[in-house]
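Student: So the protein sequences, as listed, match chains F and C.
Positions 1 to 196 (my numbering) are the ones given, in order, by the first sequence.
Positions 1 to 101 (my numbering) are the ones given, in order, by the second sequence.
Because the hints were derived from the structure by calculation, they are not lab data.
All C-beta atoms in this analysis are idealised placements derived from N, C-alpha and C, irrespective of residue type, glycine included.
It is possible that some hints are incorrect.
[Unchecked claim] Partial selection, computed: residues in chain F whose CB lies under 8 Å from chain C:
no.	residue
1	Thr63
2	Leu64
3	Val77
[Unchecked claim] Residues of chain F placed beyond 12 Å of chain C at every Cβ, according to the derived structure:
no.	residue
4	Ile3
5	Lys19
6	Ser28
7	Trp50
8	Asp119
9	Tyr152
10	Ala156
11	Phe161
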Amino acid sequence: MEIPYIVEPRQDTGLNNGKLGIWLFLASEVMLFGALFAAYIMMRVGGPTWPLGASILNVPMATLNTLVLITSSITMVMAWASLMRRNYSAYQLYMFATVGLGLVFLTVKYFEYGHKFHDGLYPSTSTFLAIYFTLTGLHMLHVIAGMVVITYFALAGRSMFRKNPQWLTNRVENTGLFWHFVDLVWIFLFPVLYLM
Amino acid sequence: MTNHAEAIDQHIRTYLLVFGSLIVLTLLTVGSWHFLHLPIGPHIAVALIIATIKATLVACFFMHLISERKLILAVLALTVVFFFVLLLLPVMTSLGDQVGH
C-alpha cells in the first residue's frame, strides 16, 4: 500500500505529512528543553551562590563546538540543496561531512567530560554541574540520534533517489529540520552554561 | 528548469550569508564576554540577545520558516506561549509562596 501525502501536500494542511509530523515533534522537543531551562533558572535564582560557568568549564572548547555545529548546519542544508538540483554525489558528500562534523562535536565533548571526571567533577558534585551534565548530555543524545538518521539516508539514499527523488528530498529536509533544531538548542546552551 | 536552478542558487547564496553571520555573531558573543567585562545583568542581556538573533537566523533560513505554511507557524506560536508559561512557572511558584506567608 502506498503511503499517502509523502510528496504532494494534503489539501487541508497544505503540507506533506512528514513535514507536519516533524514540526509537531520539534514542538514537543521545545517543551522538553524548555522544562530543563526553567529548572536551570529556578535553581540559579533560588541558590545562595552560583558559579561563573567559565570558572569551571572550558570556553575555547565550547566555542570550537559552536563553530562545528554551525558548520554542520550549512553542510546539512547544502545536502538538501544538492538533492533539489538532483545531484546525488554532492548530496552524499555533504551528508557525510555533516556526520563527520557531528563526530568532531562528540570528540570535543568527550575530552571536555574527560577533564571534568579527571578533576573529580561529577553531576553529584554541585547543582551547577548537575544541570550542566543533564542539559549537555541530553543535547549530546540528540546529536547522536541525528547522526544515525543522517548516516542512514547517506548510505541508503541511492535506491530511494532512483525510485522517487522528491520523496528523498522531503525526508532529507525533515532530517535537516531536526539537525538545525539541535544546533539551535546549542546556540542557547553555550552562553547560558559557559559564559554566565 | 533554469528558473528552478536560479532559485536554488539564490537559496545557497542566502545560506552562505546566514552561515557567515552566525560565525561573526558567535565570535561577538565570546568577544563581548572576554573583552567587555560587563556587570552580570547587562552581560546576560547581551549574550541572550545575540543568541536570540542567531536562533532566529537558523529558524528563518535554515529551517525555512520565513516561507513556511501558516499551519506550522500557528503550531510554533502555540509552542512559544506554552514555553513562556513553562519559564514563568518557577516565578509564579515563588510568588505563591510569598502570598502564602
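Student: Next step is simple, just say for each hint if it's right about the structure.
Tutor: Hint check:
The beta carbon of Thr63/F comes within 5 Å of a beta carbon in chain C, closer than 8 Å, and the hint placing it at the interface holds. With 8 Å as the threshold, the beta carbon of Leu64/F stays out of range of chain C, its nearest partner Cβ sitting at about 10 Å, so the hint is violated. Taking 8 Å as the C-beta contact cut-off toward chain C, the hint placing Val77/F at the interface holds, the least distance being around 5 Å. At roughly 20 Å from the closest C-beta of chain C, the C-beta of Ile3/F stays outside 12 Å, upholding its exclusion from the interface.
The claim that Lys19/F lies off the interface is violated: its Cβ sits roughly 8 Å from the closest Cβ of chain C, which falls inside the 12 Å cut-off. Listed as outside the interface, Ser28/F is inconsistent with that label: its C-beta sits roughly 9 Å from the nearest C-beta of chain C, within the 12 Å cut-off. For Trp50/F, the requirement that its beta carbon stay farther than 12 Å from each beta carbon of chain C is not met, with the minimum near 10 Å. At roughly 22 Å from the closest C-beta of chain C, the C-beta of Asp119/F stays outside 12 Å, upholding its exclusion from the interface.
Once the 12 Å rule is applied to beta carbons, Tyr152/F is consistent with being away from chain C; the minimum gap is 21 Å. Its beta-carbon lying about 24 Å from the closest one in chain C, Ala156/F satisfies the requirement of being farther than 12 Å from that chain. Listed as outside the interface, Phe161/F is consistent with that label: its C-beta sits roughly 17 Å from the nearest C-beta of chain C, beyond the 12 Å cut-off.
In this structure, the hints that do not hold are numbers 2, 5, 6, 7, in rising order.
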